[in-house]
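Novice: Single-letter residue listing:
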Amino acid sequence: MEQKLRQEAKALLEQGKVDWIIGFEPGSFKFSTTPLITKDKNDADRLVINPFIVNNLASFLTEIKGRVGIVAKGCDSRSIVSLIQDNKVVREDVVILGVPCPGIIDLAKVERLAGKDRDELDDITREEDKVIIKFDGEKKEFSTTQALFDNCLACELPTPQEYDILLGEPRPPAPNLEVSGEDIEKLKGLVPGQRWEFWQNELSRCIRCYACRNVCPACYCQRCFVEETEPQWALPVPRWQDNLIFQIVRNIHMAGRCTDCGECERVCPVNIPLRSLTREMYDIVDELFHFKAGMDKEALPLMTHYEQEEAEDLFR
Amino acid sequence: MKQQSEWEPKLVGFLCKWCSYAGADLAGTSRKKYPANIRIIKVPCSGRVDPLFILKALRLGFDGVLVSGCHPGECHYQTGNYRARRRVAITKKFLEYMGIEPQRIQASWVSASEGGKFAEVVAEVTKGLKEIGPNQLFSERQGDGTKATARG
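Chains as they are written, first to last, in my numbering: chain A, 1196 to 1511; chain B, -4 to 147.
Just chain B, same shape as in the assembly:
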């Protein structure tokens, strides 16, 4: 049994309804093992993911964010994932420049038939997060009297 004090990263996954969410479902029904660190939020399309979602998740203290959608060319809405790709790419690059570890913002293409890939992605991302440690980006600095809480 694991020790209670051991820290486990919290990962939020924005999965598109048509591919990645179904892929996660398949991972479950085919009994694939993957870390329970991911909290899944179903979105209609990866194009729905606003960079604000990513920032908000980090602000709330999640250790990492995974955005996942259909492979390029396979979007249910034709172009949603292409748009997501541009948005996520600039967000990832820019946050990296700001000083947020690149491992915290992850993106992948997982189709409905790739239950195995989904399990692998979650395992890899979780491993990466364990290496960099907990997200203290927005936590209180010593002595400045501010608290890292957000509502809404």
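Excised from the complex, chain A in its bound form:
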């Protein structure tokens, strides 16, 4: 898969079919990968595909001018399709190098499982239904539900639906919704006051670094509402009231755009369970309007169209 990617990327750059290639290269930390954005065909040899290619590269698409070849896992392809729906990206200007993805390994989870820092681990390998960690001459096996990212467990689209070049064999979806929806179900069991208190506590940790917003492919506004001063919707200081307004409204804005790629939760420096918000909004949109973001590039964006009869039970 990696060889094929390198060849295709090189060919695309050589033939002038794209100006840029966006992919992954080995990161500076052990096992980690980092985005590679390049115009140079010689850089194509640095591209990698492994179980650690975590970033959603679609977020770079709205920032780069020109034709782009982009490596996309299933979730990333949904984000790209969502951007095409919103007219932020022209389909003809992107060459999607689709990667059928078996799920990405969460290094934080692996560290917890092994009880060791990632630098002390010798090897992490992925087999079909297990993850094998080697350290100190030992070999430990864990199930994929223990070691993969939560959102990978709920993945509905491991193989990109929209692609130009598919780099491997398509994989069927096998969402493990029970495990992935656990936190939300637990929250729904609480009375409203307790839920509000839960989010108060979680969001009181927020330092308003806006990493969640900046990493999100669907958050592409030139000027975010939290930065508006006249009127001022939320104060730009990390107080829990304003943090709550920021996250609530961010999620409302993401309705019908969020593909539940889980990037916001992953980058959060204070570990706020943001996916419990995005996932719920994803489910609300699906339940009320039978809409799933990024599945169909011909579909109109959620908030720009309507049905004659819908959600009427919420109105007096």
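Source of the hints: derived by calculation from the structure; they are not laboratory data.
Note that the coordinates shown come from a computational prediction; the quantities given were computed from them, not determined experimentally.
Treat each hint with caution, since some may be false.
Said to hold, decoys possible - Listed below are several chain A residues computed to face chain B (Cβ distance under 8 Å; list not exhaustive):
id	residue
1	T1233
2	N1237
3	Y1358
4	R1390
5	C1419
6	V1444
7	M1476
8	L1483
9	F1510
10	R1511
In this text, a Cβ means the ideal position worked out from N, Cα and C, and glycines have one as well.
Take the given structure of chain A and dock chain B to it, following the hints.
Specialist: Quick look at chain B alone, frame taken from chain A:
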């Protein structure tokens, strides 16, 4: 006479200029009685109501928000209320999940001829708010030194 200390909910109503606002007007001219708890803000169309308005009202301490517009299919601008319906629906559902009582976010369709319905809606919503009590969602927690004030 009512006791002074009795708490009364504050309700902010975003009413569309063409239907609900006229409906409220009709309620008044036809001498319908409805609670004085509602503070009405006239908007050009229910589609003008941004979820931010709802959040801001709750943040400022209003106990409830009512969004009201023309019945589906009767929007002066053809589709404004359909868009409002999607927006308000997700806002209501999502805030409910966050832990805000569903009674605080209300929406209704009131046409210009439904003065009676407007009075009923306001009465029902106010009753619901009285049951759940004052909005303390954004008020200061004990000991954290923050104040629930907002400007602008």
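Novice: Quick check: which numbered hints come out false for this structure?
Specialist: The structure conflicts with hints 1, 2, 3 and 5, although it agrees with all the remaining ones.
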